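Asks: Listed below are the residues making up each chain.
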Amino acid sequence: MIGILDYGLGNVLAVRSAYREIGVKTCLLSEPSDISSEVLGLVIPGVGSFGEGVHCLENTGWFSYLKDNGVRGLPVLGICLGMQMLFTSSEEDSAINGLNLIKGKIRLLPKGEKPVPNMGWCDVVNLGESILLNEILDVKYYHVHSYGYRSTANQGSSYIIFNGEPVIVSIKLNNIFGLQFHPEKSLKQGLQALNNFYSYCLNENNS
Amino acid sequence: MRIIPSLLLNNRALVKTVSFSGERYLGDPINAVRLFNEYDAHEIVILDINCNEPDFEFLEKLASKCRMPVAYGGGINTLEQALKVIKLGYDKVILSRLLLKNPDEVEKIVSHLGSQSVIACIEIERDNKGVLGLRLHKKINLVNHIRQVSRLGVGEFFLYDSDREGSRKGLLINDFLMLKAEIDVPVIIGGGVESYNELRELSSMGLDAVAVGSLFVYFGKREAVLINYDLRKYGLY
Chain A
1 MIGILDYGLG NVLAVRSAYR EIGVKTCLLS EPSDISSEVL GLVIPGVGSF GEGVHCLENT
61 GWFSYLKDNG VRGLPVLGIC LGMQMLFTSS EEDSAINGLN LIKGKIRLLP KGEKPVPNMG
121 WCDVVNLGES ILLNEILDVK YYHVHSYGYR STANQGSSYI IFNGEPVIVS IKLNNIFGLQ
181 FHPEKSLKQG LQALNNFYSY CLNENNS
Chain B
1001 MRIIPSLLLN NRALVKTVSF SGERYLGDPI NAVRLFNEYD AHEIVILDIN CNEPDFEFLE
1061 KLASKCRMPV AYGGGINTLE QALKVIKLGY DKVILSRLLL KNPDEVEKIV SHLGSQSVIA
1121 CIEIERDNKG VLGLRLHKKI NLVNHIRQVS RLGVGEFFLY DSDREGSRKG LLINDFLMLK
1181 AEIDVPVIIG GGVESYNELR ELSSMGLDAV AVGSLFVYFG KREAVLINYD LRKYGLY
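Chains as they are written, first to last, in this note's numbering: chain A, 1 to 207; chain B, 1001 to 1237.
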């Protein structure tokens, strides 16, 4: 079963219904004590601002749980704001500390011909093999964000080019995964990404 | 250019209007959403034209069928309502009356949800001299309203031509381009799209997004109800 953090900010039911479509059971977890032995992995949905998101994670006890869980504990997938909160901090609310599980700063997207927020379907490029995104080539996923992790990609991560600069949209560090786009709203390829996370959780649990 | 089916709801039914009146019942919105799923529609907009507050029970059902990004507007007056709409599975909230009634609440919603989740809907109409104005408040200057709303931090604008809405007479593109020039964030325009060929022409004009109503729900001169989304055929997908 996949546990979806119901921490007060996010399109929780959209993630649930996406997993339902691919036959994966989910449960909504209001706080860390809700995690049962059946939960093989956690998803942090996120639609909101960085400051509010961290605030809500702190209020529900999830912030300290996730820090303690670290990068080698239960597998975690952060989506959109969920991914951004895995990092050290964000320009959106620079006084607020993120989970710091992945070192780096989330920044405002670069200015240019395309307006910010970045809204719509973007081509995602995989550098090397991506556990979540397989070898699916020439595929677009749905993005809606004003901030992102602006960096060159490492092996295993994936990026889009926005106003000429790379923005990392899929990242993995040990058992921590982040997707900047919304897999629960990205048609078949998005559901595949969610399914790949579930498969990863099953493998981790069996080993 | 994003092309976005725009569905109107009234009392849990899918409806169409012309200039927001003369309502015609089209069918079950859940079926419509299912069909757009099957067509792999990129995103949709759902607007309830007759509610004082969101019909959460129905919206939950509808959202659970949407596989694509979906924005909802209609009766959202508070932050709590906006948060609940997002929780049910919608990706963005569309605010219209609230922009005039309570801009402070709009700012609160933007600050909690992030600008990328909030769309400001501006319904435009023309007076008898052809001057553009706000449908919801005839005395407020349209451009000033747009500038004020921009300052609230919304991430996107939805400019809707209520004169041409439902008419399939074609978008009055120059009016939109003039208003779009005042706005720094993405802009969805809509109201009167006539044909797939028009969408093709629009796709080379540097627009961010176009909302389409009647074209995707009607077929033929007699306006038989037929949900369609032939973007691939016209090279627009």
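Keep in mind that the hints were calculated from the coordinates and are not lab data.
Computed from a predicted model, the values in this text were never measured in an experiment.
Heads up, some of the hints might be wrong.
As the list claims (entries may be wrong) - Rough simulated footprint, nothing fancy, chain B against chain A, three-plus residues with beta-carbon under 8 Å:
#1 5–18
#2 65–76
#3 95–109
#4 143–156
Stated by the list, open to error - Pairs of lysine-lysine, DSBU-like flavour, derived with a Cα cap of 30 Å:
#5 B:K1233 with A:K140
#6 A:K105 with B:K1233
#7 A:K114 with B:K1221
#8 A:K111 with A:K67
#9 B:K1233 with B:K1101
#10 A:K25 with B:K1221
#11 B:K1061 with A:K25
#12 B:K1221 with A:K140
#13 B:K1233 with B:K1221
#14 A:K67 with B:K1108
Glycine included, each C-beta is placed from N, C-alpha and C at the ideal position.
Asks: Run every hint past the structure and note whether it holds.
Replies: Hints, verified against the model:
1. 5–18: With 9 residues close enough to chain B, the hint holds.
2. 65–76: violated (count 0)
3. 95–109: It is violated: at least three residues are needed, and the stretch 95–109 of chain A offers just 0 whose Cβ sits closer than 8 Å to chain B.
4. 143–156: With 3 residues close enough to chain B, the hint holds.
5. B:K1233 with A:K140: Given pair K1233 (chain B), K140 (chain A) holds - Cα atoms ~19 Å apart, limit 30 Å.
6. A:K105 with B:K1233: Distance of about 43 Å is beyond 30 Å: violated.
7. A:K114 with B:K1221: Outside the cut-off at roughly 38 Å; violated.
8. A:K111 with A:K67: It is violated: about 33 Å lies between the C-alpha atoms, which goes past 30 Å.
9. B:K1233 with B:K1101: Roughly 43 Å separates the two Cα atoms, so the pair is violated.
10. A:K25 with B:K1221: Between K25 (chain A) and K1221 (chain B) the Cα gap is close to 47 Å, so the pair fails against 30 Å, i.e. violated.
11. B:K1061 with A:K25: Judged against 30 Å, a Cα distance of about 18 Å means the pair holds.
12. B:K1221 with A:K140: With Cα atoms ~36 Å apart, K1221 (chain B) and K140 (chain A) exceed 30 Å; violated.
13. B:K1233 with B:K1221: holds (20 Å)
14. A:K67 with B:K1108: Distance of about 29 Å is within 30 Å: holds.
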